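Novice: Here are the chains, one letter per residue:
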Amino acid sequence: MSFLPVRLEKRLHPSPLTALLVPVLAVFLALALGAVFLSLTGQDPLTVYGVMFGGALGSVYGLSETLVKAIPVMLCALGISLAFKMQLWNIGAEGQLYMGAFAASWLPLFHPELPVWLMLPGMFVLGMLAGGLWALLAALPRALWNVNEIITTLMLNYVAILWVDYLVYGPWKDPQGMNFPLTARFPAAAMLPSWGNSRIHAGIFFALLLALLLVFIFKYSRWGYEIKVMGSSVRAARYAGMDIKRNIYLVMFLSGAICGLAGMTEVSGITGRLQHALSPGYGYTAIIVAWLSRLHPLAIVLVSILFGVLQVGGYLVQTKGVPAAVAAMLQGAILFFVLGGEILTNYQLKWGRPDAGRQVMGKQQIGQ
Amino acid sequence: MSEQSVLVSILAAAVTAGTPILYAALGELITERAGIINLGMEGIMLVGAVSGFIAAVNTSSPWCGLLLAMLAGGLMALVHAFLTITLRANQVVSGLALTIFGTGLSGYLGKAYIGMPVPRPFQILSLEPLARIPLLGPVFFQHDILVYLSYLLVPALWVFLYRTRAGLNLRSLGENPAAADALGVNVFGLKYLYVVIGGMLAGTGGAYLSLAYAPSWLENMTAGRGWIAVALVIFALWNPLRALAGSYFFGGIDALGFRLQALGVMIPSFFLKMLPYLFTVLVLTAVLARHKNSLGAPGALGLAYDREER
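Chains as they are written, first to last, in my numbering: chain A, -7 to 360; chain B, 42 to 351.
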């Protein structure tokens, strides 16, 4: 990069203003790029965006559906942000969600007689336990032999989805279900309360409570501080006598458990049964949301709602003959621009040659 | 079918099922040798598969399809190169973005092509007289041209990496870019080049799926093969010959699941479909548990190179 009299200098303190502006700008740039792409493929971007955003934001129904789609993304993003803070790349939210949904479904399907005060807490515990254990499957080899958790959590996603497919196409299939890949309906005691006539369910309270809890943990607790230290430097954490292995297990388990909770709230708040294609990729959307929010729990709540808009909009544009995949495309593009823009947060442009006595900073680690 | 012909057909199927993984794995291997992790292989393969398919349908030429798939794969990788090399963005997240974007893009572009046939897919081309060697012939020499090209690519890449000056430079990019820079190697330019070549190979792997393996387009038809390719590079210890063996191993598991069902083994198909993913986790764990920290991964893998921090 020597042909320009410009160089990048690492900022000692990332500027908070750019940290806020970059994601906002990234969303607009991604939409602009999407518009160019839509017109190249023969669509009118204004119409498509009009349907997407008008539909998702323009009516009470659209708004409530946006929140409905935001809840699982919010939960999953909160879950993986916990792991990301420690530089544990849990990409397995999707599979953990499915395992949570599977375990939570077991109770109403096989013990439908349970009273509500046993049923819902039982599903809650089972869902979280299953999601957590599923994540632990990747945490164990990571802690013991440094096996890349990105690949293992991702592979386990496919396994979890196939497992749920096996159940709903096979032994758990509803005999009265007209041969659709779904289980019997849960009894009323297994359904989370929802808000008025909408599908907005109590899962949103779990998500909000969890976001506040995480803020508290990271701001005020010793454990939250430890996670941050382990995330920024394993060596420093080791010097300080922190038990890294134990925290890999603990953090991954909790991370997976929260994603499992997202699965539990989906079956008990929305579908009322376990079914094929339970999630249209909430766990993957959550990765972008977590990153876009810079792992800040409250930002995750807001960004999830924004992505709920994209998700609902993606469904709606299909009526205009536009593939719903346009939503995933926009999500990917937003992430590109955020990543590209991060250089402005972490570095500043300086004109001219470097000063002789400049400080040498540490090299960028993979997960920075 | 006699027992031998069942075995031969499974082994032959292992080669075809392993070939798309092999192309992507070689692409990832070159990329990682240059010091960059590209977790976007799944997305690149999907874009390669769909663009190759669209071009082949519209031109009736599989070669046009292959060319476009390579071009598209290279372009996708170029985005990754720009973000991670020039802008020093986080390689993990950039790769994930590439996969999410590629999944969306391929679904969008391919929507109109679902269920369409390819007018002229890559045909099987028996290599006479090699194809008549018992056992080996039907296993290795009764395939399409892309399989044969991969046979050439693997040793060529091995010789390039370990026996040429340019290959030494490539390895130095991943081991110690500062030293390479000091020796006058064009670190930034070459990193770009190899990341793009890696993407072109993954695009080829995608095109193999949609133009030869299962000539059609289906949303998410790669089904995790891009990720298996990434895992395979670790298993292969960054060596192309081991990547070949590993690809056929996974191709074999894939093929075995398929055959077992045809042979009437009463295992629900969902469990057979799980095999490649479970094996990826198991094999990866086994390799790392055995080699501990002496895997021989490129020393500067995943680190952004900053000339001023030298």
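Incorrect hints may appear among the rest.
Below, in silico cross-link-like pairs of lysine-lysine (BS3-like), each with a Cα-Cα straight-line distance of 27 Å or less [claimed, not checked]:
| no. | chain 1 | residue 1 | chain 2 | residue 2 |
| --- | --- | --- | --- | --- |
| 1 | B | K152 | A | K312 |
| 2 | B | K314 | A | K165 |
| 3 | A | K2 | A | K165 |
So these bits of chain A aren't anywhere near chain B, every CB distance computed over 10 Å [stated by the list, open to error]:
| no. | residue |
| --- | --- |
| 4 | G47 |
| 5 | R230 |
| 6 | A325 |
| 7 | Y339 |
To be clear, the hints were calculated from the coordinates, so they are not data collected in a lab.
Note that the structure is a prediction, hence the values are computed from the model and not measured.
Beta carbons are placed, not taken as given, at the ideal position from N, Cα and C, and that holds for glycine.
Novice: Since Y339(A) was said not to touch the interface, does its Cβ keep a gap of more than 10 Å from each Cβ of chain B?
Specialist: The assertion about Y339(A) is violated, with a minimum of 8 Å to chain B.
Novice: Take a quick look at whether K2(A) and K165(A) sit within 27 Å of each other, Cα to Cα.
Specialist: violated (57 Å)
Novice: Taking only the CA atoms, is the gap from K314(B) to K165(A) under or equal to 27 Å?
Specialist: holds (19 Å)
Novice: If I take the minimum Cβ distance from R230(A) to any residue of chain B, is it greater than 10 Å?
Specialist: Nearest chain B Cβ is 15 Å from R230(A), so the label holds.
Novice: Checking one constraint from the list: CA of K152(B) to CA of K312(A), max 27 Å. Satisfied?
Specialist: holds (13 Å)
Novice: Non-interface claim for A325(A): all C-beta distances to chain B beyond 10 Å?
Specialist: violated (6 Å)
Novice: Check the non-interface label on G47(A): least C-beta distance to chain B beyond 10 Å or not.
Specialist: holds (18 Å)
Hint violations for this structure: numbers 3, 6 and 7, all remaining hints satisfied.
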